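**Q** Input sequences plus hints: build the corresponding full structure.
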Amino acid sequence: MAEAMRSDGIDPAVLAGNESNRAIAAKIAAIPLAPKLPRRFWWGFAAFFTIGLLFLGCVSYLLAAGIGTIGLNVPAAWGFLIVNTVWWIGIGHAGTLISAVLLLMRQNWRNSINRFAEAMTLMAVALAGTFPILHLGRPQYFYWLLPLPVTHMPWPNWRSPLVWDFFAIATYVIVSLLFWFMGLVPDLAILRDRAKSRGKQRIYGFFALGWHGSAYHWHRYRIAYYLLAALATPLVVSVHSVISLDFTSAIIPGYHSTIFPPYFVAGALYSGFAMVITIAVPLRHFFGLEDFITLKHLDNAGKVMLAAGAVVAYGYLCESFFAWYSGDRFERYMMWNRMFGDYAWTFWFMLACNVGTLQLLWFKRARTSPWLLFALAFIINTGMWVERYVIVVTSLTRDFLPSSWQNVLPTWVDFGILFGSLGLFFAMMFLFVRLLPLMTIFEVQELKHELKEAQ
Amino acid sequence: MKPSETETHGLIAAFATPEALMKAAGRARERGFTRLDAFTPYPVEGLVEKLGGGTSRLPVYTFIGGAVGFFGILALQFYSVLIAYPIDVGGRPLASWPAFLVPGFECTILGAAFTAFFGMLAGNRLPRLYHHVFNAQSFSFAGGDRFYLLIASDDPRYDRTKLRRMLHRLDALAIEEVLE
Amino acid sequence: MPVTDKDMREELAAAEPARFWRSLEERARTPAFRRMLDAEFPEIAERYATATDRRTALKLLGASLLMAGMGTAKAAEGIAPYVEQPENLVPGKPQFYASTLNERGYGMGVIVEAHEGRPTKIEGNPNHPASLGGTDPIMQAAAFSLYEPSRSRTVLKGNEVATWGEFQAEMAALRERGLPQGGAGIGVVVGPNTSPTLQRLFSQLQQAMPALRFYLSDPLAGTPRPYAVLPHFDAAKVIVSLGSDFLGEGAGRLAAARGFADSRRVRASGQRTMSRLYCLESVASLTGAKADSHLLVRPSAMDETVARLATAMQSGTGDDAFATALVRDARAAGNGVLFIAGERESAFVQATAQRLNQPSAGITHTLIAPVATAPANAGSLYDLVADMHAGTITSLFVLDCDLMHSAPGDLDIGAALEHVPTLYHHGLHVDETARKADWHVPATHDLESWGDLRAFDGTASILQPLIAPLYQGRTIAELIAALTGDFVSSSLDLTRATWAQLDDAGWREALKRGVIADTAAPAITVSPLAETASPVHEAAQIDVVLTPDPFLDGGAHAANLFLTELPRPLTKLVWGNAAEMAPATAQKLGVVTGDLVEIGIDKQALTLPAFISPGQAPDTVVVPLGFGRWTGEDSDTVGTNAFPLRRRGNAWLLAGAGVKKGQGSGRIITTQEHHAMEGRDIVRDVPLAIIADETPLAKEPPSLYPPYEIPEEAWGMSIDLTACIGCNACVAACQAENNSPVVGPDEMAVGHDMHWLRVDRYYAGDPEAPETVFQPVPCMQCEDAPCEVVCPVNATVHTHDGLNAQVYNRCVGTRYCSQNCPYKVRRFNFFQYQDFDEGSPLSLLMNPNVSVRERGVMEKCTYCVQRISAARIQSEISDQPIADGAVQTACQQACPTRAITFGNIKDKQSAVAREKTEPHSYALLEELGTRPRTTYLARVTNRPDEDKGNG
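Residue numbers (the working numbering), protein chains in the order written: chain A, 1 to 455; chain B, 1 to 180; chain C, 1 to 951.
Please keep in mind that the hints were generated in silico from the structure rather than gathered at the bench. Just to be clear, a hint being listed does not mean it is correct.
Stated by the list, open to error - Sample of chain C residues with no beta-carbon within 12 Å of chain A, all distances over it, derived:
1) S150
2) V327
3) E876
Said to hold, decoys possible - Dumping the calculated BS3-like pairs for lysine-lysine here, alpha-carbon to alpha-carbon at most 27 Å:
4) A:K448 <-> B:K162
5) C:K660 <-> C:K603
6) A:K452 <-> B:K23
7) B:K23 <-> B:K162
8) A:K296 <-> A:K27
9) C:K908 <-> C:K699
Unchecked claim - If you anchor each label on the Cβ, the simulated ranges turn out as follows:
10) C:G485 <-> A:A65: 55 to 65 Å
11) C:V592 <-> A:W348: 16 to 26 Å
12) C:V592 <-> A:G356: 40 to 50 Å
13) C:A517 <-> B:P86: 36 to 46 Å
14) C:Q832 <-> A:W43: 54 to 64 Å
15) C:E854 <-> B:Y85: 39 to 49 Å
16) C:Q832 <-> A:P149: 25 to 35 Å
17) B:E19 <-> A:R39: 37 to 47 Å
18) A:P149 <-> C:K906: 33 to 43 Å
19) A:D328 <-> B:P86: 50 to 60 Å
20) A:W348 <-> C:D634: 41 to 51 Å
21) B:A75 <-> A:P35: 36 to 46 Å
All figures in this text were calculated on a predicted structure; none of them were measured in a lab. Virtual Cβ for every residue (Gly too), placed ideally from N, Cα, C.
**A** Right under this line is the structure:
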C-alpha cells in the first residue's frame, strides 16, 4: 500500500500543517457554517456585484434596442460577444482538467483545489453559454437550434458548427454540474451533521440526499466518480475543439486553419489555470488556507501554464508559418495585416502577454511567489482574451474582396457586457464560498490519510 | 430498559482509524457474519471486499447509456435530413455523416454521464433522507475521524452480548444498539 | 376653440361654388381651425392636413384606379369605394402604365408598375428614345420621392394653410390689376422645361401680358450651343471625349450608354471589333472610367490642351503619347471618328469639337436644333436681381426652383427677394424660397400629374398620372392657366389641348406607347462655329471646379433620401459631398480624407471635408453641387451647398477661388474604403486579342460533392464588365424592387448598409492617373454555398431551382452565413430599419410581393425570386415552359447598357448560357470552389498600346 502511494508521487508539501481530520473538517466547514463573515467579505461581494449589475444593464439595453448597439458590421459580423464566449469556455476548462484528468492520473494534490476549480468551471461555462444567445439577431428564438419535434420549425442544420457548439456546451454544462454536485454530496452531509441551526440542517440535509458514508455507497460512488471523470476528460478536449471548428470550418482567411483545435484546447488550459491562480491566491490569503492550497499547488499550476503556454506559442508559430508556406495570397495578406495592419497592436500585445510573460514561469521563484504569480495570471488572461479578439475580429476585417474591407470598433455596450460578466463571475464565486465548502473536505481527509500511510 | 432484539436494527461500533475498522470487519467476516455494513468519512480502499461486497454493474450500464446517446442522435440526424427535410444545403450530400459525428460524440458523453450519476444514486437507493444509522447517538458524519461497523440484527449469527465482547476486543471506541 | 356647425356653414358659404371638395373638414380648413388643431391635438394636426392615413390612402387608391381605368382626371375627384371592382384591375396583379419623368426639364420615358393603384416601381420604356428600356438611379427613385414625407401638402398663404380656391381668387385679383398695364411688374421664374404645353401656355401668357417678364433659373446649364449632337456610336470607330461625360450626364445619356456599350460588346460568337475611347477630362467621370486611354487636364488648362490636340490633328503628330495615339487612330478611322465636347466646356472647345467633327457629320453623329427648354427671350437671374433692385417687379412667381439654394453667391438673392411685394412659390417642398414667399402652392409629383415633355432628341411623350394627387398639389400648367384666366381646365385638358391633332385613338396610342409618334426633331446642318481664340486662364495655385452631383440634379432631389444614400459611382460617397481631389493635390494641401478644407472666393468661404479621389485632374478640387438644400420642417439638410461660391461668368471653374486646410475634420461616409485589388484576380482584364484566339479564362475547380439534380430551370446570371459603366442604376433598381430600407448616415458610417447589390469600384495603376474599373456584385448563388452549410437553423438553403434562398421567418440572426460568405453580399438588419408605421406615406411604396424584413434577420439577393415565381405561375397556367427572357431581374431590367444577362443555364440556347460559354467568362474567386451561378465576362480592353489599328 505504502509503496503504491509513493509511486503516486504524493508530496507531503501538498498538505502542510498537521491538523486532525476533525480540525480539517472544522476549518473548512467553518466558512459556510459561520453565522456571519467579516464585513470586508461582503464589501468585496458588493463591489463585484455592482459590476455585475453593469452586465445586466447592458444586456437589457442590447435586447431592447437591438444587436446593432454593439460593434458589428458586414464584414465583421462577429464581435466581443463571441470573443467572450471562447474566452470564458477556455477558463472553464481548467476546472474540469483539475477535477477529472488529475483525478484519473491520481494526482491527489488536486484534492484541495478541485472544488472551487469546478465551481469556477460551472460559472464560467454558464456565462459563456449566454453570449452566443445574446449575440443572435433574434435571441428569443435561440431554441430553434435544438432538435425539437415541433411542427412550426424544421430540424437544425446538423452540418453547422453552431449546432455542434450548442451540443458541446450544453453537454459540458450538464456533465460539469453532475460531477460537481456528486463531489459535493458527502461534504453536504458533513455540513448537515455539523450545522447547528435547524434551517441549515434541513437545507444541507436535503441536498446531502441522506448520505451516511456506507462502505457500499462509497464503493459505487467511487466507480461513478471515476466514470464521470473518464467521460469528462474527452469531453473537455472536445468542447474547445468544437468551438474552434466554428472558425476552422469557415473559409475566411484567418479562420480556415487546421491547427486550431489543439491550439484552442491548450489556450483554454492556459487561461483556465491562470484564472485558477487568480482565484486561489486571494482565497488562501483571506481565509488562511495556506495549509491546504500550498505553494506546491501554485507551483504545479504554474508548470501546467508553462506547458500549455508553450503549446499556444507553438500554435502562433504554426499559424504564421502555414500562412506563409501555403502560398495562399489571402492567407498571407491576412497574416501580414495581423502583424502590421490597423489592428497590429492587438497582435503584438497578445504576443507580449502570452509568450513574453510566460517565460518568467521557467523560474521556480516566480512560480512559488503567490502575488507575482497572481499578476502574471492576470496579464496572461488579458492576453488570452486579446488572442481571441485577434482571431475572431481582425481576420474578418480583411477577407477576400478588398471592396468589403472595413474596420469595426466596439461600443460601450461591448465593454459593459465584458466587464460586467467578470463582475458577475466573481460575485458568484463569493456566493459559492459563502454557501459551500470551498474544498472537498472528505478528499482532504482522505489525502491526509494517504499521506500518513505513505510515511 | 433494553430494547428487545426484534426492535433493534443492529449493533454499531465506532473505531478510531480505518485500519481498526478493517480489522474488525475482517474478524466479523471470519466469525461468519454476513449482514455487515460500515460507515466511513471517506472511501477506504478494500473495505467493501472485507465486508464481502465489491462488484458493480455500473460501468456496463454507463456503456449502454453512452451507446443509446450515440445511436439515438445519429438516428435522429439521418431521419431529419433524409426523410423529414431532404433539402439541398450548400450542395453537400444529404447524409453528410462526418458532420453528424460531432453531435454523436457529445450525446454519447451525455447519455453515459446521466447513467453513471443516476445509476449510482439508484444503486445506493438515494436520495433517502432517513436511515437507521442516524438513530445511533454515537454516529456522526461530521468529524471525519470515526469509522463505524454495523452488524444487522437480522444476521443469523447475531448475538448482542457475544458481539459486544468481540467488538470490545477489537478496541471499538463506542458500541451502541441502533433502533429500528 | 372647437369649430361649430355655424363656422362650418359660413366657411362653406364662403367657398367658391365651382370647386369640388371631398369632405367638410377639407372645406372648413380655415387658419383658425388649423391653429386650434395644432394647439389642441398636435398629433392629429400632423396627420390631418398632411400625412395620408390608411383610409385616405385607400380612397386615393380607389380614385386613382378608376382614373387609370378611364384615363380622365375629373374622375380622380370622385371616390371609388374599394368594394366596387374598378375596371381592368385584378387585385394582386400589378398594372403597368407608360409615363414620363422630368429630369432637368427633359422627358425620360418610363413604364410604371402600380399595385392596387400605388406606383411602386419604375422601369424604362423601350419605346422612348431617352430610355430604350434602361433607367438611371434618379428614375428608380421617383416612386420614393412621390411618397417622401417632407413634401409640401397644402397651399400656404404666409404661414397659414389656405386653399387652391383662395389662390385662384388671388390670381383673379392679380389678373385684374395686371392686365391694364399688360402685366408690367409681374415676373415669372421658371426652371428648364421642354413641355410643349408649358411653352404654349407661356406664350399665351406673354401675348396676354406683353410686359410680363420670364426668367430662367437653370443652375446646371452648360455652354449654350446652336445645335445638339446625337452620336451614332455604331458608326464611330474612334470616340474622343473633350471633357464630356456622355455616359453619366445629359438627357441623352442612357441612349448614349446603350450605343456606346453595343459598339464594344465583343463576343467570340459575334462582333469582334470594338470602338476605342479617348477621354480628355478634368473631373473624374464614368466616361473617363471607360476610356481606353485618358488624359487628366486641370480645367484651366483644358482649352490650350484641346487647342494643341486640334493642331496635332492637322499636323498629324501629337506631342505626347496620348495625342500621338489619338491622332494615329483618328486618321486611320477616317470618317469613323467622333469628337464630343463636354456640356460645360468653353465655347472654344465646343467650336473645336464641331470643326473636327465636320468630315464625319451625318456618319458618326447627327445635329439637331436644340430642344427649347425656356420661354422665348427669358431673362437670366442676373436680369431678375437687377429688376428686383430696380423695384420694377411687384409680384414674382418662382415655379419649381429653389432660388435661395441655387442662386450664385454674388446675387445675394435673399436680400433681392425682400424687394418683391408679393412672392408666389410653387414647388414640391416648403423650402427656403417658399418660406420667403407670401403664397406657396404645392407642386404635383410627375407620377401625380398630366403633362408632356420632350426627350433630348425632341420626341414628345405624355406624363400619365398613376395616382390622384396625394396632397393639394397643382401643376405649373394649372397655375399658369389660372394666371391666363382659365380657372376650370385641369392639366389633362391643357395637355390635350396642346395635342389637339391627336384624335382619341391617337391619344390612347400615345399613352400606350409612351411616346407621340414622329415628334423627333429633324436633322440640321450647322456651319462651322466662329473660331474663338483659345482663351488663356491665369493658372491658379489650385483650380476649384464645381460639378453636378450625379443623383441630386442640382438639389431637385435633395429630399430624396433614397438617392442621398445611394453610393456615388466613383467616390462611393453617401450622405454628403466633399472636396474631391487627387492624392498629390491632397498632399500639396496637406490634408487627408476627412480633414476640413476651406474654399474661399472674395468674402464667401465654404468649409467641407476633403476626400482623396484618384482620377481627379492634378491641382484640382472638385465640389459636387446639389447638397445642402433645406426641404421643410421634417427634413434635415445633407451636405454642403456650393452654389454660393458661384460668380457671374464663373459658373463652373471658380476663377480666383482659394483653397486651404481648415480646422478640424468633417464626416466622410463611404461604402467602400479600399480601392486596390491587392493583386487579386477580382476584376479581370483581357485584351481584345484574347477574344479572337478564344482561350478560355475559367477553370472550374474539382468538387468532392456530387452535383444536385435541378428538376426545373437552373437560373444563372452573367455580368459583362466591358458593358458595365458603373452608373448604379442596378443598385437603385434592386433597392426599389426589394423593399430595401434607407438606414441613414449613422448606420452607413458603421457599415450597416443594406444594398443587396453593390457596384465595387477599383483603381489600378498610377494613383494620379488611375484606371477605374467597376464590378457589380449581387449574390453569386453558389452551387456549393458556404453560407448555407453553417446556418444552424436551415434559414438559408437551396430551392428546387437551385437558388440560394434566404428564409427570413426562419432566421435567428447568427450572422454566420455572412461570416462565411467570401463575397460579403449578405445584409443584416442590425436594427428595425423598416418603418412599419402605416401613417407614413412611405408605407405605400412597398412592393407587396417582397416580404418586409424585421430586426435581427439576414437578407440577400435572390435573383428577384418574386419575379421568377410570377413567371412560373404564368407558365403553369399557360402550360408553356418559361421562355428565355421572360424573367428579368430588377438589376438586369434597369441596366442601361444591358450588361446583365439572366436566364436558365440548363437551356444551352438561352442568352445567359451562351454568355457563359464565351472565352472571357469567369467566376469570381472560383478557386474557392463555391461554383457561383453568377459569372462575369472579363473586361475587354482596347488600349492603344495593345495593338496597331482597331479590333
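**Q** It remains to establish, for every hint, whether it holds in the given structure.
**A** Verification of the hints:
1. S150: 25 Å, holds
2. V327: Given that every Cβ of chain A is farther than 12 Å from that of V327 (chain C), nearest at about 37 Å, it holds.
3. E876: 26 Å, holds
4. A:K448 <-> B:K162: Violated - the C-alpha atoms of K162 (chain B) and K448 (chain A) are around 35 Å apart, more than 27 Å.
5. C:K660 <-> C:K603: 15 Å, holds
6. A:K452 <-> B:K23: 18 Å, holds
7. B:K23 <-> B:K162: Roughly 17 Å between the alpha carbons, so the hint for K23 (chain B) and K162 (chain B) holds.
8. A:K296 <-> A:K27: Status holds; Cα separation ~20 Å.
9. C:K908 <-> C:K699: 19 Å, holds
10. C:G485 <-> A:A65: 55 to 65 Å: Since G485 (chain C) and A65 (chain A) have Cβ atoms about 59 Å apart, the given range 55 to 65 Å holds.
11. C:V592 <-> A:W348: 16 to 26 Å: 25 Å, holds
12. C:V592 <-> A:G356: 40 to 50 Å: Between V592 (chain C) and G356 (chain A), where Cβ atoms are some 34 Å apart, the hint is violated.
13. C:A517 <-> B:P86: 36 to 46 Å: About 57 Å separates the Cβ atoms of A517 (chain C) and P86 (chain B), which means 36 to 46 Å is violated.
14. C:Q832 <-> A:W43: 54 to 64 Å: 43 Å, violated
15. C:E854 <-> B:Y85: 39 to 49 Å: Between E854 (chain C) and Y85 (chain B), where Cβ atoms are some 24 Å apart, the hint is violated.
16. C:Q832 <-> A:P149: 25 to 35 Å: 32 Å, holds
17. B:E19 <-> A:R39: 37 to 47 Å: 46 Å, holds
18. A:P149 <-> C:K906: 33 to 43 Å: 37 Å, holds
19. A:D328 <-> B:P86: 50 to 60 Å: 35 Å, violated
20. A:W348 <-> C:D634: 41 to 51 Å: Cβ of W348 (chain A) to Cβ of D634 (chain C): about 50 Å, so the range 41 to 51 Å holds.
21. B:A75 <-> A:P35: 36 to 46 Å: Taking Cβ atoms as reference, A75 (chain B) and P35 (chain A) lie about 55 Å apart, which means the hint is violated.
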